[in-house]
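As given, the protein sequences belong to chains A, B and C, one line each in that order.
So in this note's numbering, spot 971 of the first sequence is number 971, and the numbers just go up one at a time.
So in this note's numbering, spot 74 of the second sequence is number 74, and the numbers just go up one at a time.
So in this note's numbering, spot 103 of the third sequence is number 103, and the numbers just go up one at a time.
If you're looking for bench data, these hints aren't it; they were derived computationally from the structure.
Certain hints may be false.
Restraint ranges, calculated between C-beta atoms of paired labels, are given here [what the hints assert, rightly or not]:
id, chain 1, residue 1, chain 2, residue 2, range
1, A, Gly843, B, Ala48, 53 to 59 Å
2, A, Gly602, C, Pro141, 47 to 53 Å
3, B, Ala48, A, His524, 20 to 26 Å
4, A, Ser671, C, Thr16, 50 to 56 Å
5, B, Ala48, A, Gly268, 47 to 53 Å
Just so it is clear, CB atoms sit at the ideal spot from N, CA and C, and this is done for glycine as well.
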Amino acid sequence: MSQSHRIPGKGLLIDRARPVRFSFDGRAYQGFSGDTLASALLASGTRLMGRSFKYHRPRGAMTAGSEEPSALVEIHEGAQQTPNVRATVQEIYEGLEARSQNHLGPLAFDLLAVNDWMAPFLSAGFYYKTFMWPRAFWEKLYEPAIRRAAGLGSLSGRHDEAVYEKAFAHCDLLVIGAGPAGLMAALIAARAGADVILADEEVRMGGRLLADQPEVGGQAGPDWAAGVVAELAALPNVRLMTRTTVTGAYDDGTFGALERVSLHRAPGEAPRECFWRIVAQRAILAAGALERPIAHPDNDRPGVMLASGVAGHLAKWGVNPGRVVIFSNNDGGLAAARSLTAQGVEIAAYVDPRPIPVTEDFPVYAGAEVVGTRGRMGLKEVAVRHKGGTSMIEARTLALAGGWNPTLHLTCHLNTRPQWDEKIAAFVPRPGAVPGLSVTGAARGRFSTAACLADGAAVVTEVLADLGLRAPDLPVPGAEDRPYGIAPLWAVDAGGRAWLDFANDVTTKDVKLAAQEGFRSVEHMKRYTTQGMAPDQGKSSNVAALAVLAEATGQGIPATGTTTYRPPFIPVSIAAMGAGGRAEGFAPRRLLTSDARSRAMGAPMIEAGLWYRPSYFPRQGEADWRAACDREVMQVREHVGVADVSTLGKIDVQGADAARFLDLVYTNTMSTLAPGKVRYGLMLREDGFVLDDGTCARLGPEHFLVTTTTAAAGLVMRHMDFVHQAFCGGWDVRMSSVTESWAQFCIAGPKAPALLAVLGINADLPFMGCAPVTVGGVRGRLFRISFSGEQGYEIAVPTRYGAALFDRLVEAAQGLEGCAYGMEALNVLRVEKGFITHAEIHGRVTADDVGLGKMVSGKKDCIGKAASLRPGLTEAGREQLVGLMPVNQGEVLSAGAHLYNERDPATREHNQGYVTSVAPSPTLGCWLGLGFLKDGRARHGQVIRLDDGLRGRKVLVEVCDPVFFDPEGGRMRG
Amino acid sequence: MRIPCPCCGPRDRREFTYYGASVFLDRPAPDAGLEAWDAYLHLRENPAGVTRDLWYHDPCQSWLEVERNTVTHEILSVCPVAEARA
Amino acid sequence: MAELIATPAVTGLPLTIGSVRLAAFDPGPVTAIAPYPGRDLSPVLRFPAPGEVIEEGARRLIWAGRGMAFLTGGPAPDLGGLAAVTDQSDGWVWVTLEGRDVPAVLARLCPLDLRAAAFPVGTSARSVLQHLSVLLIRTGPEAFQIAAYRSMAGTLLHDLSGAMKAVAARAAL
């Protein structure tokens, strides 16, 4: 397509020496570097860009900015296909592929446009009223059909592999918006020496100075802006952020902002977008104002735009709008008409409901209104009702200038509503709405260039004083100071359908119907009509809609109020908000020192919290995990096995009061533990339930080493910090996590002493003893503890020697017919012994429930003791830990299954308990289970039914003691 | 939300762990009776206004008692619990 | 038995992307010193205030958390029961990050205010780096030492190199 609709010499942002090829709906186009998709299409004479949401009406671009309600397109980049992209924001690049959305068949012949002809039946509330019955039709018929028809663009359905970023920034002053007020404020603050961030959503800073090109201080507006930006760019205390929209105001001076880092380029290495969290001591909102349309019949045709959109497209991208009719209710619209004329645009008519004098170079219809348009695929004629009757005026563009709404959204993000200002017929921000955020310029209703410049200077001077800085003496440059002169006109009363919300297809009729049907609150009207609920969030339509509602209800606008503005100000992609959190960035990976060796041995690694642990170590000829697991268990029981247990939390506790402190956090007494000994310990939460279990080794009179379960390592550290700081801050005790300092390995089995001998270590340590050792020239620690029921040791060395020691241990074990064993075997070994893990101590069990009631010392207080004595935690009928064995040896048990008396149905009332852990035991030749059963300890020997509804499994099991193997513990003690 | 840690200065809320109302610091005597323990464990005010709660600053391991306003979100004071109950 | 050989906490370094160089760093033995409440250590050593790094010749005393400092560059002195002393030499992976865009790289991962006035050269801070708990020491306007838990060295490398790539690619736009 040729660029037939450009005005020579115009277009601040385009580089005519650099043509750019792109496609729209498969058709080849050419634009210039610097064009947006909308400007390039308009310059090529293409006004039709998409279909509306509900009625599938043909639509084009209405604005030249991020508030665009209509021109939403899909950008195709393979997996990164992005729907609902505003054509007025998306910059073109070589090879860009864009497609229109929301049509069945070609854009110009959308089959779903039938909805438009059915419009009389599709008014607000249509779905609620129509698809009520028959009820059974909803799920199968109505909902799928409606879902197919609804929604705008589509996703690729594949992972978006592109890079997105999130980042933090800090400053003294954040200035939001770089129009005249924002530039003035930033310049003064920068010269005063403040750390300034100036953020603006456009490619080039200047705001309306670029679009309207007023004179500033005797210079053309864009030149003045460029001069200020150049000075700011050279200062070390200023960060300029273009293509960056501040999206939300949060507590304590935190702002969210979305930067379009490389969306103007074909996807490459650079991040697509960056989501910023900006922390500012103070902030100034200088976001300007958004122009609003006027609702009149058929005001949604491609070619109907906002006057600011027409002026912006001309000034920034040289787009020729053709013959223009301007429909305005304020002097700004009149000024736009004059400016367009001066730039060579033909004004076919200036239509104004106000009785203004007629002394212009173009036809003026005063006291007149636009009452209709023609041209389904693109505007052809505008119907103007005036004193002399109704005239059809030929035009290519209709520019609507219904007045301006201050862009005050951010001031409402902490739940303050704006206030109505009758003089400018608009809402203005309430002062102090967001602590630390001041508002200046058009964002608080100062609409002339001169007023914006002066206000920017005045507001920043106050803000700098708060920051303890003095504003330099800087004269405010002179500029136009035109009065606004608005006479509000929200909707033209001329029958037909007049659009308010273009994105969601809400008309004045819908709002009136809502009022009529009792949805008189603005929040109810919004939800009934969907006004303001589209991607544009009603930026250009909300105020007009509530004005129409106010008229329909007779409440007046201030009493009607606004809906709530919430973050984000513009749509923010989930990819940007969650940047860095995908794939490997989802969570840290904690790797054991034995990791490389385990993988080399072919062990599948499984996640245990953030750790990766070997599941089992397969050998040739082993069919599945079960074969490897069975072998590893038997090798431990008959010979020796080694396993990496470094994931256990380790907390070093020192001090004269360390023992006393441990007596407080453990249920049992640690102060009586002799140096060189280890004791099993149990911790409760203050509410009496079990928090964690582990061992406590006394390394010296005032030196303990506490171990926690892998799962609760962080939790226990935080808990101990709390108990210490909250209840005994003055005690001589300090804790330090040493989880990462030690690589620790379990050596278990009858040949464990022999294995230690191979390493040159004397295994002569009593059961539950600990001692320093030297292994391979390295000083370590040896503990005689067992989680397998076999004679067991754990040996710890500084982490850097872990890999080397594991290699030695594996070799030594293999030399003794032993092996390395993984999590599967570890689980079987502990289930055979009835040892608990967090599958059992899941937060709802007491010490007594797990059979450890005796561990709660009666001689002293401890955290959780008082609450553990509550009647509810001690009465009969609680579920107690039991062992479960299938009556028929071959049957499989499953964790998560529920327990019932043999003949009871599997219903809630009959539930007797549940299964927490199961394991296939090669030692006993059947599956074993641990679970909780009502009064379970008194029911050993009973046969009950295990019922796993999920897997359809019913197994008769015999209740027994949870210690299945070697209940006397003779093997462990050696 | 930013909390001024007495150790580290104002920090983003993502560095903190929330732990509920600070009445949890007022641990009853072991023999205070069921009612006192029930109140301590389970009964909490839910004020629209000034409240005090516990936050853990994970990076420096300080437990803090934070006085803040649930309506305005203003943080009024922050005190290490070790000092609050010293 | 033959001597055990130490494995480094991190491999694959140094790495230079754009203007930023990421390198492994060996601080030597690291001793955590945590004074008991109300104890005055000054006869033996000056204990750092929050954020302070005290350098005396090769010896550094780095504030590392509530009432805790890391001593590097020398053996642990005898504190005679005034403080808990714990060996932390093996618990951490240490790296240095240097180059013009270092503040930009860290800003992608760390919520700290990295401006010179808020985080001066020669001070330390505890914070988070993406998901990791870290100790940061600013050694120059554009130079930091970073310590993270040793088992997460791979994640530290992944996160830092990812941010370095993104910053470099952005600069090349």
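Hint by hint, here is what the structure shows:
no. : hint                              : verdict
1   : A:Gly843 <-> B:Ala48: 53 to 59 Å  : violated (31 Å)
2   : A:Gly602 <-> C:Pro141: 47 to 53 Å : holds (49 Å)
3   : B:Ala48 <-> A:His524: 20 to 26 Å  : holds (25 Å)
4   : A:Ser671 <-> C:Thr16: 50 to 56 Å  : holds (55 Å)
5   : B:Ala48 <-> A:Gly268: 47 to 53 Å  : holds (51 Å)
Violation of the numbered hints given earlier is confined to hint 1; every other hint is satisfied by the structure.
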